[in-house]
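Start from the sequences, fold in the hints, and give me the full structure.
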Amino acid sequence: MRHRLLFCLPMMFLLGATKAAEEPARPVLVRPWFTPVLIDGKGTLCDEAIKAAKAHFLKPKRWASFELPGAEHVRPLRDELADAKGPLHVQVYTHSGCGSACERYQFVVSRAPELSRENLEAMAKGSPAPAADIALFKGADKRLFSIASGIDGEPDTVEINRLNDDLTWTACRISTAPAADRVADIVPAELRASVRALSARTSNMRQGTGSWCGSLRTHERWSERIGARLQEVYYRPWAVRDDAGDSYGSYEQDLSNLQIWAATGVAEYKAYRVFLKQMTSSQAAMAAFYKRRFGWSDGQARTMARQALEGAISSGIRFYMYEPFPKDETALRNAILAHHPMEEIRAIEGQASDLSIAIEYPEALAYLIEQGVDVNQANAFGKTALMYAAHYNQPESARILLARGANPNAVTVIPEDDCYYAITTRNMTALHYAARYASPALVRLLVDNGAEPFIQAHREGEEGSTPLDWLHQYTAANAEEPNPNIDPDQIAEVEALLQPPTNEALQARAKRLVLEGEKAYGAGDLKHALRTLNLAINIQPHNERALSDLSLVALRDGDLGVSLQAGQALIDSSKDARLLANAWFNQGLACDASDSSWPFYNGTRYCDASAVYAYYQALAAHRTEARAAKLLQALQAVPDVEVHRFLFEGSEVRMVQRYGPDHSSLYLYLLHPRGLVIPTERIGWTLSSESKGIREITPSSVGREVLDDDWALTVLRRDARVDVGSLHIRPATPGSGAL
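When you line the sequence shown up against mature numbering (1 follows the signal peptide of the UniProt record, and there is no 0), it's residues -20 to -1, 1 to 719, in that order.
Among the hints, a few may not be true.
To be verified - Simulated crosslink set (DSBU-like; lysine-lysine; CA at most 30 angstroms straight-line):
(1) K65 to K105
(2) K257 to K118
(3) K41 to K22
(4) K122 to K105
(5) K507 to K555
(6) K22 to K65
(7) K22 to K39
(8) K122 to K257
(9) K118 to K31
(10) K271 to K41
(11) K41 to K122
(12) K31 to K271
(13) K555 to K499
(14) K271 to K39
(15) K39 to K105
(16) K39 to K65
(17) K257 to K271
(18) K118 to K34
(19) K118 to K41
(20) K41 to K31
(21) K307 to K250
(22) K307 to K257
(23) K22 to K34
(24) K105 to K118
(25) K122 to K65
(26) K22 to K122
(27) K122 to K31
(28) K22 to K105
Hints are computed from structural coordinates only; laboratory data are not their basis.
This is how it looks when you write it as structure tokens:
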């Protein structure tokens, strides 16, 4: 069996055009313009190998399945092997790579049944090169030989290595692809340009995929695979066309998923349409090349061109369990994105939950709002419909949104999913997008409706930038991506619109905004209070009063991320015990209310130390009976399976372990009768390790709080995890300290 690691990854994406219902029979190859070439080695084995390679080249099979006729397949880990000198032991040496998704393998043969790691690595240096696909065979002369393809640095080479009596190897190396200059001579420049354009259109549909997502390098590997298959389409299309028939599904399934992906937004829909147009163009150019070069009929050439290009594109991109939105939204989304007449759109049952799909169709946008879609709805990184209107320079859509209450000063955040989204800038507003993409008219519309020019977008390690800064960046004479909707003679007009107030005016404005926010909160208008307090924070990021207000208002409004962020900013900077206590208490409430154990917001993960830690810090900072009661309630709500009970001086103690805020330490919360005092040195447990042996561990004291008439809490801290099985109570000693 071939040594190959197969993966099924929960990643999404695309394919090519649909299959025809009926296709001409596979064309008979008349005149291939390239066949494999022996580039190294000689002798009978090499002669047999190049003959077999030329025959295999004409078959619709990958090189991973290449074999020599009459050879016996050997299972190195099962079959007993020997030569004239005695038994042979074959080990498969695995070279790990990219999270086990691109491992490479080597056969290492020895006389010894087992090799140490050092010996295995040493012998591997003289063995055939690591490859993605390797197989071991026995020839008619009973000698062992291996076949490898997918060799690092030589993807278009197949290597056949014969094992010699002294356990060295003799190689035959075959090139399975033409050199680049040969391709340039044979393939017309126009066709090569068309295929490059198809590859680029495919990449455009990956713009939302963010980084390469860790060590798996999934998208990078897929991109490399597509590039290799597109090159093979020129000289061996019959082998590429069968690549698509795998466990990921059929062309029809993948095409259906691609159409769903296209319905996720305006950019996706446009990218999909451009891709299909380019696929059609590339297929026509490729069919003409096949007809001329391979001597196929029109029908055969067209079918092969379509199937080969589909196979090449699909070889590196897959859908898997892809459901970006409810199925009943698909028809409505497609109708809006295609700008169908409104009477048709209104007749479609179901609702669409995303206003951005209608941002270039104002009538449809108004219809969705009528159906109850929130005008301030935002995507995973906080981008609102008003920001999309600015991005696509749609003033009429912006007017509709603003008239329906869209927040002109909403800001973007760093999303939790940094695999799908490559977002590194936060706090962008609609005005930032307008300065980057839109016309002076849209900029003025936003400013006239309350958009603030002083809000700064932030990127890690850089100074903040206002919309005016963005205007200068994207209207500069040397701008790499200039704003196409602002002419040079309009820049001064937009500069005047985006000029921030003076610092003195801003500081006075911040004070008024805090008072306005508090008044709105008192009147029960949480949304207005949130907006004004957020503006105050944008002017004065360390305004403790505004931060304290915002953590509470956001919590009451259900905006847990904003509450956690504001509270943490206060915790990190304030020295005021009352404000700290409020911030910690609100953080505990937000942690309890979150659906996640460690909620993520705007680039930061919160609640690492649990709500219990936050409630304890609130009580320790400034005691109130309400805070004591909440901490007791939180401890009593801990599931029994997470509570360790033990007796101390005849009284039951309930111990809960939780990590500290940096996960480098553990906090032990000991809930016990109020009259009980637990000296720190009387609590201990043992740890055992090979390096340090058996050790007696004693925690350090954090504090003690009375919770009510019956209960008190003793808090201990330890850097190592507690082995509750070895926890014990030490005997009391005269003068022992107590918490």
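Here's how the hints hold up against the structure:
This hinted pair checks out: K65 and K105 have alpha carbons roughly 23 angstroms apart, not beyond 30 angstroms. Between K257 and K118, the direct Cα distance comes to roughly 50 angstroms. Violation of the 30 angstroms bound is thereby established for this hinted pair. Between K41 and K22 the CA atoms are separated by roughly 26 angstroms; this keeps the pair inside 30 angstroms, and the hint holds. A hinted pair counts as satisfied when its Cα atoms are at most 30 angstroms apart, and K122 with K105 qualifies at roughly 25 angstroms.
Of the supplied pair hints, the one linking K507 and K555 holds, its CA atoms being roughly 29 angstroms apart against a limit of 30 angstroms. The suggested pairing of K22 with K65 holds, with an alpha-carbon distance near 25 angstroms, which does not exceed 30 angstroms. A hinted pair counts as satisfied when its Cα atoms are at most 30 angstroms apart, and K22 with K39 qualifies at roughly 25 angstroms. For a cut-off of 30 angstroms, the pair hint linking K122 to K257 is broken: about 55 angstroms separates their Cα positions.
Between the alpha carbons of K118 and K31 the distance comes to roughly 18 angstroms, so the proposed pair stays at or under 30 angstroms and holds. The straight-line distance between the Cα atoms of K271 and K41 is roughly 22 angstroms, inside the 30 angstroms bound, and the hint therefore holds. Proposed proximity of K41 and K122 is supported: the alpha carbons are some 27 angstroms apart, at most 30 angstroms. Pair hint K31 plus K271 holds up; C-alpha atoms about 27 angstroms apart against a cutoff of 30 angstroms.
For the given pair, K555 sits about 26 angstroms from K499 by alpha-carbon distance, which is consistent with the 30 angstroms threshold. For the hint pairing K271 with K39, the CA-to-CA distance comes to about 19 angstroms; that is within 30 angstroms, so the pair holds. Under the criterion of a C-alpha separation no larger than 30 angstroms, the hint pairing K39 with K105 is inconsistent with the structure, at around 34 angstroms. This hinted pair does not check out: K39 and K65 have alpha carbons roughly 39 angstroms apart, beyond 30 angstroms.
This hinted pair checks out: K257 and K271 have alpha carbons roughly 22 angstroms apart, not beyond 30 angstroms. For the proposed pair K118 and K34, the alpha carbon gap of about 21 angstroms is at most 30 angstroms, so the pair holds. Of the pairs offered as hints, the one joining K118 and K41 holds, with about 22 angstroms between alpha carbons and a cut-off of 30 angstroms not exceeded. As the CA atoms of K41 and K31 are separated by approximately 16 angstroms, the hinted pair is consistent with the 30 angstroms bound.
Our distance criterion of 30 angstroms between C-alpha atoms is met by K307 and K250, whose separation comes to about 21 angstroms. In summary, the hint linking K307 to K257 is supported, as the alpha carbons are separated by about 26 angstroms, within the 30 angstroms threshold. For a cut-off of 30 angstroms, the pair hint linking K22 to K34 stands: about 16 angstroms separates their Cα positions. Between K105 and K118, the direct Cα distance comes to roughly 23 angstroms. Compliance with the 30 angstroms bound is thereby established for this hinted pair.
Restraint check: the Cα-Cα separation between K122 and K65 comes to about 13 angstroms, which is no more than 30 angstroms; the hinted pair holds. With a C-alpha separation of about 19 angstroms, the suggested pairing of K22 with K122 holds against the 30 angstroms cut-off. Proximity of K122 to K31 is assessed by CA-CA distance (about 20 angstroms); at most 30 angstroms being required, the pair is judged to hold. Only pairs whose Cα atoms come within 30 angstroms are accepted, and K22 paired with K105 is accepted, the gap being roughly 22 angstroms.
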